[in-house]
Structure formats: structure tokens, C-alpha cells
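Protein chains in written order, with this note's numbering: chain A, 1173 to 1556; chain B, 1169 to 1598.
In short, the hints are calculated from the structure, not lab data. Just so it is clear, the structure is predicted and the values come from calculations on it, not from any experiment. Built from N, CA and C at the ideal position, the CB exists for glycine as well. One or more of the hints may lead you astray.
[Unchecked claim] These stretches of chain A come out as covered by chain B in the derived footprint (C-beta under 8 Å, 3 or more residues): (1) 1246-1252; (2) 1264-1278; (3) 1431-1445; (4) 1523-1535; (5) 1544-1554.
[Said to hold, decoys possible] Below, computed lysine-lysine pairings styled on DSBU-like, alpha-carbon distance capped at 30 Å: (6) Lys1321(B) / Lys1389(A); (7) Lys1306(A) / Lys1273(B); (8) Lys1538(A) / Lys1527(B); (9) Lys1569(B) / Lys1538(A); (10) Lys1569(B) / Lys1306(A); (11) Lys1389(A) / Lys1569(B); (12) Lys1527(B) / Lys1544(A); (13) Lys1252(A) / Lys1527(B); (14) Lys1569(B) / Lys1527(B); (15) Lys1389(A) / Lys1273(B); (16) Lys1569(B) / Lys1544(A); (17) Lys1569(B) / Lys1252(A).
As a plain string of letters, each chain reads:
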Amino acid sequence: MATLLHESNTYSANPQWDDVTPIPQVEPEGALAAIAYPEDYAEGSFTLVLLADLNVHPVSAVEEEVVASMSYLRAVMAAKELSRRCLGLTEHIISMNPAHYTVWLYRFENVEALGILIPDELAWLNEVSLMHLKNYQIWHHRQQLIDHYYPTLIDNDEGKEGNKDTPSSSSSPTRQQYPNEKVAALAASERAFLTQMLEQDTKNYHVWSYRQYLVRKLGAFGDPAELRSIEALVDEDVRNNSAWSHRFFLAFSDPVHTTPGSHATEHDPAVPAAIVDREVAYAQAKIGLAPQNQSPWNYLRGALVKGGRALGSVRAFAEGFVEGLGEGDEKERVRSSHALDLLAVIYKEAGERERADLCLRRLGDKWDRIRKGYWEYRRRLLDS
Amino acid sequence: MAAADTLEPPLDTARHIRYWQRCFRSVLPHHYTSNDSIRLTLGTFIISALDLLSASTPDAPIITSADRTSLRAWILNLQHPHGGFCGSPHHVLPRRYTTAFDWEKEVEVARDPANANIAATYFAVLALGILAEGDGATAYDGIDRARTLRWLKKLQRKDGSFGEIVTGDGSVAGGRDMRYCYLAATIRWALGGAEGGGAHDFDVDALVGHIRRAQAFDGGIAESSTHESQSGYAYCAVASLALLDRANPDPFAPPDHYVRTGIPSIPALVHFLVHRQVAYLDSGSDEDEDDDDSPNHPLPDLASLSSPDPPAPRVSGFNGRPNKLVDTCYVWWNAAALTLLGQGGLIDLEPVRRFLIEKTQHLIGGFAKHPGGPPDVYHAYMGLAALGTMAGDAVEPGLGKFDPRLCAGADVAGKILKAREALIATSQDD
């Protein structure tokens, strides 16, 4: 499959490319944001003329009649050629410029035309992803591959009608979530790769975005392994906000027990009370571990709103983090500014304006002085 | 907000001008190769920074008239003949490869449509505004308004979101990414999409609905519905809506109609944004600069606040998500979003200025992402944008007045206003 097909960096010297006339970029003098490209990227392009003035690059590079990969990529893309050598060329370009916004689509066209096996392409992509952790385009390519691959897993599923009723091979007592074993296996291998990516950066936004796509696409909401994997990340770092966000998605966007299109900020009557109970208890337990961690406080409020429960239902819980408020420095103990913030809302809703105001004053004066201006603004809102 | 002329420490504009002059006149080092497809983006930051900083050198223009002529030509050369702009010369093909004939419809169509990119088009529109001479009325001479607006309309999906490029088979590629919503709203405003009629204007209500779905349970706004809140996306959502308001052709509509329609709870969003400001603690985090934003922001222990009157932190920055490290660009994203919501005054300004000027400003000029790191074009621009925005109705001494909707100088916004009037008037003559 797509092994390193670009061992020769000098395409012009390679007889395999004799039939291609490269298209170098044309760049007038005074161009903006010119880059000192590495030689095998755009060698021979007119940009290098600029470099000659600045002595940052050997002038001889311009004189060599070597026209490198970008010029060849432009030529084969313009000719709409789909071939093995083009697949190799995309790999070469991607290794230098993974943020190239059309090379990935072109690579996909090659993969499709050449009948490259999707698991092989995914394996290649895994390595590239681990090399370019911050890249954005990689994840759309992956999504395109899965979109392409998924129907083949379903179509090849002989007797799929019968399959639906057979118990899952998993020993888990929860509902069976995947249409067949092949989809289950893909979910497991993708999860393993995502775990590896998250080991590099537990909060990589692109990885988490892709993970949501994957959960929806494969129907992994009810897979206990998905929730376990997220719990493991929270156990490792209770402040991992990305993991908290994914948990909210698993709990409150699962099509089996939620209303389609229900906004994140509104009550969804379809969510069973047991789920709300479970999520509220989970957030409270994690707050206990690190009371000043904002993530589970946000989660707690979000879960209550989703469940249609009054914030006042956790009044006693939040008061547990505050002692002797306003009773002087000797007696006043606050273990979480977020508890005070929540209590200010709870007291306001209960019509206890003065208590709410005290919480906000103590936040601005002592427990969260960085946001003094905000807490004063909240005090003004008490009377609106 | 403090009066701008008393701000301490002052911004050393001469140092920043030297940094940006280098970016402008020389070649960027090879590690920018992975930015080759977004050279127009980098270039716009460079000229926009020089434009802002030229407020401190009114007698000696940093970008000369000759520069403006050649740079305009360079940018217009990136325009795709069938609408939109390409991100760099490497995405511009010779003419014979850019047009095909659709025999069914008997019209010329783009042969390589994917080279036109929404971000590139936004930056082209902005850069041409910056480079315009006089009042700006001629800034958009040479832009194919009708084709660009029709192409922009094709980039919108049924759910209201926008993609990045239109592919050969007419499908929309790219994520469901709030940044594209912002770019689309800006292009529509600048090119007079609302005045273009149905064939040239996208579905505004669908876009507003899409943005509305992206507010998350914690009050922040995500890349799109159900994803994790992040201040950059929050800014893009708020600024998109603010630009839709600015372009609203209905004279009876309230000036914040779309901002109010498109955000389910503004108080919850303000709560999320102000909580992104966190104390900057020097210990150890300097070594983490290569590790980007993976580590947690170190939380101060509340138990340590034992004194009766604890001081507010001397230095504080902003992060983009709860428990993440502070970062130069998030000062901009948060401050700009709050400012557009009318709440810029909630920010405690001085500790944030200290973060930028004492901690991330670099000796050679520019700003780094994290304290101790090297400056880069993106963070160097965002640092200036943050200072310009936080000055509010005043100005940051040495910088021009800033427009947080466009992320450029207020005079640029004025020029674009003239340019769009001229563009609309010419189109009506056709």
C-alpha cells in the first residue's frame, strides 16, 4: 500500500516523471509572506529569486534545474491524474505541509480510484497524525475515509436482519449498540488510536471533535467502553475539561434517550431521571476531589438544566463548601469560589436577595478578586 | 476602563515595528512551510500590524504607495476567475486550468474550484481594505463581486453552517467550524451580500440558527453544536452575529437583533468569558512552551487567601477553555467577544496588559504564545489586537483605534465601508 513512494526528491531527475511538465508558481517581486521553502518543496520556483538578495539561501539552488514536488503536484492535480505515483507525491507534500487545503481531497480521490484498502490508509494516517498533532485537515480526511468505509461494513453484513437480535459477544449487560461485529471492531480500533492521540495531548480539540463524529457515525453512545474510556481520563486528570464535555455529549445527546435537536442549554424532558441522577452524583463526587475545579461545577449546572431540575436542589451540597460567610475572617471559610457563585444564583431564585448579594460581595472582595468587576456587575443584576 | 494615556507599562512600538518590518521585507524562515497555503493570512497580519503601528509614525509611511500598488496586484492575482480567492500562489493555476465548460448547462465553470478558500477570501477583502489609498472607495476595484457572492452562497450547507471550499462535484468540504461562519459574515458585509438579492445572498436565518445551536451547557460557544466551549469560537459566533447586524438592510431592526437572536443566553456567555481570565503564576510554566496547551492552568489554593484583604493577582492572562494555560491570543478572543457584547469594561485591564507586555512580548518585538517562547506572526498580531481592543473607546498609545468586529484598525473599517458602497453602486449600473 502507500509506503514511501517518494524516495526520490528530485522529480525532474526521475524517469518515472518524465512525462509530466511541472507548473511552478509564478510570483512577482514584492510578494507578501514569502517563505524560505526547503529545497525539495518548491525548489526552482520563482520565490527563490527573492532569497538571492537576502543571502539566506544559496543562490545556486535557483540555478539548479530541479523543479520540486509542489510544481509536480500542481501539474498532476491540473491534469486530474489518479495513480500510485500521485498517491506517493501527496504523501511527500503532506510531510512538509499537512495544512495544504486541497492535497488531502486529492489524496482521497487517489485512494478511491486505486482501491486502496481503507484500513491500510487509516494505518498510514495514524502515523502522520502522531507526527502532526495540531493539524486540522488530517481529521477531515479521516472522517471522509470513515464515511466511505462505513457503508461497506454494513452492506457486506450477510443476514444482517438476523444479526440484530443475536446477543453481543461482549459480556456487558447494557444494550447492544453496533449494527454488527465489523462496526464494533472499527469502533474499538478507532478508540484505541484516539487514546494514543490523547496521550500526546489530552485536550486536542480536533481529536475530540472527531471523536464526537465517530460516536454518532458508529452509534457508540451506548458502548460502555466509550464511557469507561472517558472516566479513565477524568480519573487521571479531574480538570480535563474536554473529557467532561465529551461525557456531557454521551449522556445528553444519545438519540436513544434524548430529543433530537434539543439545545445544550435547555431542559430535555426525554432524558430519564436515572441518567440525570447519575450525572449529578458523578459531578458532585468529582467536585469533592477538587472543589476549586470549574469543570464539574459547570457540568453540575448543565446536568440540572438538562434534567429540568431547579439549581436549588443542590443548595445544601453547595453550602457544604462555605462556612460563616460574612461573619469575619476568623469564621469565614470558603473552599470553592464556584460554590459561592452558584449559591448567589440559588439565593436570588429563592428571593433571598441579601444572601445572594453577600456571596457576590465576598467573591469580589476576597475569594475571586480577579473578577471584581464581574461580581459587581452581577450585584447590579440582582435588582433587574 | 482606565484612560489610555496613563497605561503602564507602555507598549514599545518601535520594537514591534522592527519585528514587522522584518516580516514584511524579508523571507519567512523555512518552518513557515506548513503555512504555505495561508500566505495571504500571514501577509494580511503583517500589513495590518504595520497599518496599526503606523499611528506612531504619521510622517513616514511604513507601507509606501509603491508597496500598495504591487501588493494589491499580488492579492488580486490570487482571485479565482470563478469567485473567491486562493490562499497562496501555489493554489493559483495558469488560466487554462481554471475554467471548464459545462455542456449540460452551457456555461463556463471552475475547473479547480477547491483552490478558492473562504479564509483566503476574508483575508483578501481585509487586506485590500488596508492597502486602499484615499478614502478607500477604490479598494475593491478588480473584485468580481457577483461571482464571489455566488460562490460564498454555495459554501453554505443546509443546516446553515459554512465549509471551507467547494469541491469539483459541488459538495462542501471542511469542518462545521464557527470560524467559517465569521468569515462568511464578514465577506457578506464587505461585498454587500445583503444588497445582492436572492441569487447572491446566503440564508441568514439558517446561519443564525446554526450559531444558536452552538452554545454549550457551560455558557461558552463551541466549534458547533454539542462540542466543547472555546473562546475563539465564542468570538467568531458573536462577531458573525454583530456583522450580520451591521449589514442588516432593515432600518427598523434593533442594532443587536442578530446578537440577541443567535445567542440563547448572553449572561451565561459573559460568565464563561470572564472566567477565562486567570492569574498568571510564574512557577515552572515557562518550560512548558513547547508542550502547548495540554497542561492545566495551575489553580491557586483558596485556603491560601487567609489574609483579610488579599491582593488581586498582579499579572493575569486569559485561556480559551477551563483549566487551560493562559495564551496571548486568548486575551484577544475573550476581550473582543466581551467588547462586542458591550461588557469589555468587566476586564481588569492592568494585570492583563502586564501579561502581554512583561511576559509574552519578545525582546526582538512581536508576542509569543506563552511567556518565554519565540514570537510568531499570528500571536504577534493577536497581542496588538488585544491591546487595541482593550483600549475600548480610547486608543492604545502608539496604535490606531481598533475595530474588534473586523480584527483590524477602525480606519480600515471606514475604508471598507466606502469600498462596499462603491461596489454596490457599480453593480447597480451594470
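Tested hints:
1. 1246-1252: Coverage by chain B holds for the stretch 1246-1252 of chain A (3 residues, Cβ < 8 Å).
2. 1264-1278: holds (count 8)
3. 1431-1445: holds (count 5)
4. 1523-1535: violated (count 0)
5. 1544-1554: It holds, with 5 qualifying residues against the three required.
6. Lys1321(B) / Lys1389(A): holds (27 Å)
7. Lys1306(A) / Lys1273(B): Between Lys1306(A) and Lys1273(B) the Cα gap is close to 42 Å, so the pair fails against 30 Å, i.e. violated.
8. Lys1538(A) / Lys1527(B): The hint holds at about 26 Å.
9. Lys1569(B) / Lys1538(A): With a Cα-Cα distance of about 35 Å, the restraint between Lys1569(B) and Lys1538(A) is violated, given a limit of 30 Å.
10. Lys1569(B) / Lys1306(A): Given that 30 Å is the threshold and the Cα spacing comes to 33 Å, the pair is violated.
11. Lys1389(A) / Lys1569(B): violated (47 Å)
12. Lys1527(B) / Lys1544(A): Measuring from Cα to Cα gives roughly 23 Å; hence the hint holds.
13. Lys1252(A) / Lys1527(B): The given pair, whose Cα atoms are some 50 Å apart, is violated under the 30 Å limit.
14. Lys1569(B) / Lys1527(B): holds (24 Å)
15. Lys1389(A) / Lys1273(B): violated (36 Å)
16. Lys1569(B) / Lys1544(A): Cα-Cα ~27 Å, so holds.
17. Lys1569(B) / Lys1252(A): violated (48 Å)
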